[in-house]
Amino acid sequence: MNTLLAATTGDVADLGKAIAFGVGVGLGAVGAGIGIGNIFGSMIQAVARQPELRAELTGIQWLGFALTEAVVFYALLGGLLAYVLV
Amino acid sequence: MIASLLLAATGDFEPQEEFELPAWVPIHIGPLDMSINKAVVYLWVGAAVTVLVGIWVMRFGLSLRPGRRQTIGEGLYEAIQGQIVEGSLPSKGVHTWFPYVASLFLFIWILNLIGFIPLPISNEHFHVAGVALPTWGIYAATANLSVTLALALITFLATHVEGIHYNGVVRYFKSWVPQGAPKPLLALIVPLEVISQFMRLISLSVRLFANMLAGHMLILVMLGLIFIFESYAIAVIAVPVATAVYIFEVGIVVTIQAFVFALLSAIYIGGAIEPEH
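Protein chains in written order, with this note's numbering: chain Z, 1 to 86; chain D, 1 to 277.
This is chain Z alone, in the form it adopts within the complex:
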């Protein structure tokens, strides 16, 4: 169960699980990162074009941010479940 020691004791199963967990969460973060970048990029464009809509757009922006960001945590939770259960 100890990931740090897994490398030194040669416990290959634990090592594999640790790598899979890291890669899984990392890939989840890639997707969410692109999504969040998209949201804020669009927000900047929208406000640059129509600054008077800023107040209205801010709420939508944060909602979109939170919904997208949550994807990382689904990946994290899925990875954790796989790590613990398998």
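In case anyone wonders, no lab produced these hints; they're calculated from the structure.
Hints should not be assumed to be uniformly reliable.
[Unchecked claim] Pair ranges (Cβ atoms, derived):
1. 67(Z) to 174(D): 26 to 34 Å
2. 54(Z) to 28(D): 53 to 61 Å
3. 29(Z) to 171(D): 40 to 48 Å
4. 236(D) to 47(Z): 34 to 42 Å
5. 86(D) to 37(Z): 27 to 35 Å
6. 35(D) to 48(Z): 54 to 62 Å
7. 188(D) to 15(Z): 40 to 48 Å
[Said to hold, decoys possible] Heads up, incomplete: computed chain D residues facing chain Z, CB under 10 Å, no partners named:
8. 209
9. 213
10. 257
All residues carry an ideal CB built from backbone N, CA and C; glycine is no exception.
Add chain D to chain Z, keeping to what the hints say.
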């Protein structure tokens, strides 16, 4: 679960112990474990602070020329009214559900904030002159799936109760099925719609839970690196990073997660009261 996630320290520093919940006052009612533990105490503190904040800003000494206290209260009210309720709850549902959504926002916000204030509510103790005092630690009740799931369940129940109340059983469940969908596809669409209703429950609770858990873990793991590598040199990097994460969490995540939870609750309930189809 959490114990195996973290790199177990070579010393006896175990950051994941922050999230273990041994019962302080065991209460068992049949198969139900109602024991009082750290999360329960944090919930009590959060509820007390929420009630006190509500009373303090809104319940006495209101005047036509608002002072600072009243300005805070009115700002809070306006923010919830303008950002959360308006546009998500139909006007016939506002009088019932504005109080719910507003207290949901306030409660979760305060629970999240309290989670980042070091409080002497802890499982561990240190000794001063023979007296065992609890260590100061950070822990958020919302970093516990049971708490967020209970909150999401209230929204889930409210959604369907209000949907049936305003539309009748038949019309409400009919509204789940998109109109004009071709008949052969219905066998595919209906199960998907039913599943998506339950997915809301999961996404609503897991979003808040995982966000708070990850925030606390990040701070604890960063500081834990000092103990894992048993070198103060790590502190040069670890402490600033942990501080940055702390500021990010307190400044942005805490508020956004409370906001999103309340907003989605309002959208779900509003959508059930007035289905689009």
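Item checked: Violated hints, by number in ascending order, as checked against the structure -> none
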